[in-house]
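Asks: The lines below spell out each chain.
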Amino acid sequence: MHIFLKTIVFATALAIPFTASAQSDNGMAHANGNAKFLRCGTHQPNELDALLREQHFLSLKSGGKNTNKGKPGGGGGGGTPPPEATEIQVYFHVIRNSSGNAGNLSTGDINAQISVLNAAFSNTQFSFNLAGIDYTNNDSWFTTTGGSSESQMKSALRQGSAEDLNIYSNNMGDDLLGWATFPSSYASSPSYDGVVVLYSTLPGGDASPYNEGDTGTHEVGHWLGLYHTFQGGCSRNGDYVADTAAERSPAFGCPTGRDSCTGKKYSGLDPIENFMDYSYDSCMYEFTPGQGDRTWAQWAAYRLGN
Amino acid sequence: MIIDPARLTLKLHRSAAILLAGVFLSCTVHAQDGGGRRMGRLAPSPLISCDHNQLTSWTGVVSGYKRLEETSWLEISTDADTIEQTSIKHTGLVDASAFYLLWGEPFKQMDWKAIETAPGVLISGMRATAWICSDGMTPPVIDWQPSRH
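Protein chains in written order, with our numbering: chain A, 186 to 491; chain B, 153 to 301.
The hints are simulated quantities; they were obtained by calculation from the structure and are not laboratory data.
Note that CB positions come from ideal geometry on N, CA and C, so glycine has one too.
Treat the hints loosely; a few may be bogus.
Said to hold, decoys possible - Here chain B is said to cover these stretches of chain A; the calculated rule only asks that three of the stretch's residues, wherever they fall, bring their Cβ under 8 Å from a Cβ of chain B:
1) 284 to 290
2) 471 to 485
Claimed, not checked - Label pairs and their computed distance ranges (CB to CB):
3) E268/B with Q344/A: 41 to 47 Å
4) G475/A with E257/B: 37 to 43 Å
5) G244/B with E348/A: 58 to 64 Å
6) G288/B with A316/A: 49 to 55 Å
7) G332/A with Q237/B: 56 to 62 Å
8) K265/B with A341/A: 32 to 38 Å
9) Y470/A with G288/B: 26 to 32 Å
10) E257/B with D324/A: 16 to 22 Å
11) M289/B with D391/A: 29 to 35 Å
12) T290/B with T447/A: 40 to 46 Å
13) G332/A with K260/B: 22 to 28 Å
14) A270/A with E257/B: 44 to 50 Å
Could you put together the complete structure from these sequences and hints?
Replies: Here it is in structure tokens:
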């Protein structure tokens with residue numbers, strides 16, 4: 186019972202910051218200094234958050250999800266199904282400015298992006314098939330970086346289920362190359378699900394040195410449940426993939442030999458060649474087997490059959 | 153029927169952990185304006201002079217901020233679940249604005265009101281990217297990202 190009591194104390198300690206910060210909402214306006222938690226609506230991520238998210242994922246992975254389907258005991262008959270080759274249908278939404286003279290992509294450009302995805306994910310269970318392309322001229326959507334215009338765009342254009350990949354291309358600005366939602370967000374926000382990329386990051390685009398299509402690869406990695414390789418910095422859990430070396434912060438360029446987490450417990454150089462870092466497209470070329478395993482487990486937990 | 157106390161404890165422990173994770177997740181998802189969590193990829197602003205091979209960045213919510221006479225100090229709770237701190241020396245200058253950007257563009261005096269409610273008091277929930285150069289010469293650059301939505 187000792188462990189159980191510790192859990193209750195731990196849970197209570199966690200609940201207090203949320204409650205207290207929610208009550209002091211107005212007081213937060215001038216309280217930036219060293220605040221580690223804001224109210225629920227403006228929650229700041231930290232390592233504990235990621236740990237709890239992961240715990241939820243692991244509970245699904247170990248069979249919790251299947252317990253609801255009449256399999257008492259969970260673990261025995263539940264858990265992650267064996268990996269199998271899975272072809273993901275891709276709906277590509279090209280957003281152009283209102284006059285249609287900026288942001289245009291040809292079918293050839295989009296097919297080239299699909300080829301880059303298939304090459305990048307070739308050591309995983311996943312392949313990608315272009316299921317459809319549509320074109321929309323809309324200034325607000327063309328420059329969206331989020332908020333109501335993103336919501337409107339996705340509500341109007343998104344197709345398919347949790348298993349279908351929707352990619353939107355636009356001219357987002359703010360030095361962003363792209364963003365993606367996570368599998369675990371699908372249940373609560375299905376219409377938001379998908380990937381947005383800067384249109385000039387597609388292969389042969391103008392966003393050199395980010396124009397080989399690897400922004401698409403990076404964002405689809407998120408869409409399949411991968412964190413950045415620098416997630417958690419040099420902490421023990423990091424990106425929750427065992428075979429990616431810990432990395433204190435993102436790498437840009439292609440800094441061969443970078444080793445930002447030093448010491449006996451950190452083996453290996455920074456994974457600058459990994460698709461989930463921030464290095465140049467020409468520098469990144471791999472997902473690890475562990476990342477492949479994680480994408481399948483995330484798929485099974487959050488997307489398969491949904 | 154005999155109940156094994158050790159197994160019961162473990163079951164309760166696991167249930168409590170799953171319950172806690174569920175409560176937490178509902179809070180987090182609620183926090184994201186209906187959009188759920190998202191992550192992305194960032195390119196350095198063309199205004200960053202540091203060699204990209206020696207560059208890194210911290211992006212997130214500014215959780216600590218001090219604007220002093222010759223130094224400005226920031227703490228960022230990053231989207232990568234780390235807490236980072238940096239300071240900028242601006243000896244001989246009125247403030248640190250020479251080392252600031254606003255959404256990737258040069259920071260102007262009129263932009264202070266976009267990030268502060270009063271001198272030294274940052275708008276709550278302010279986000280920023282700190283560009284950190286390891287060449288030993290180039291000072292940090294702070295790209296402020298006030299809410300647009």
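Asks: Hint by hint, say whether it matches the structure.
Replies: Results for each hint:
1. Note: the stretch 284 to 290 of chain A has 0 residues with beta-carbon separation from chain B under 8 Å; the three-residue rule is not met and the coverage is violated.
2. Counting residues of the stretch 471 to 485 of chain A whose beta-carbon sits less than 8 Å from any beta-carbon of chain B gives 0, not enough to reach three: the coverage restraint is violated.
3. Checked against the given bound of 41 to 47 Å, the beta carbons of E268/B and Q344/A, roughly 44 Å apart, stay inside it.
4. A beta carbon spacing of about 40 Å between G475/A and E257/B agrees with the range 37 to 43 Å that was offered as a hint.
5. Under the hint 58 to 64 Å, the C-beta atoms of G244/B and E348/A, about 59 Å apart, fit the expected range.
6. Restraint check, G288/B to A316/A: a C-beta distance of roughly 51 Å satisfies the suggested window 49 to 55 Å.
7. The beta-carbon spacing between G332/A and Q237/B, approximately 29 Å, falls outside the hinted interval of 56 to 62 Å.
8. Distance hint for K265/B and A341/A: a CB-CB separation of about 35 Å, consistent with the stated range 32 to 38 Å.
9. Taking the beta carbon of each, Y470/A and G288/B are about 30 Å apart, inside 26 to 32 Å as hinted.
10. Between E257/B and D324/A the C-beta distance comes to about 20 Å, which sits within the given range of 16 to 22 Å.
11. The given range of 29 to 35 Å is respected by M289/B and D391/A, whose C-beta atoms sit roughly 31 Å from each other.
12. At about 22 Å, the CB distance of T290/B to T447/A disagrees with the hint of 40 to 46 Å.
13. The hinted range of 22 to 28 Å is satisfied by G332/A and K260/B, whose Cβ atoms lie roughly 24 Å apart.
14. The supplied range of 44 to 50 Å is met by A270/A and E257/B, whose beta-carbon atoms lie about 47 Å from each other.
When held up to the earlier numbered hints, the structure conflicts with 1, 2, 7 and 12 and fits the remainder.
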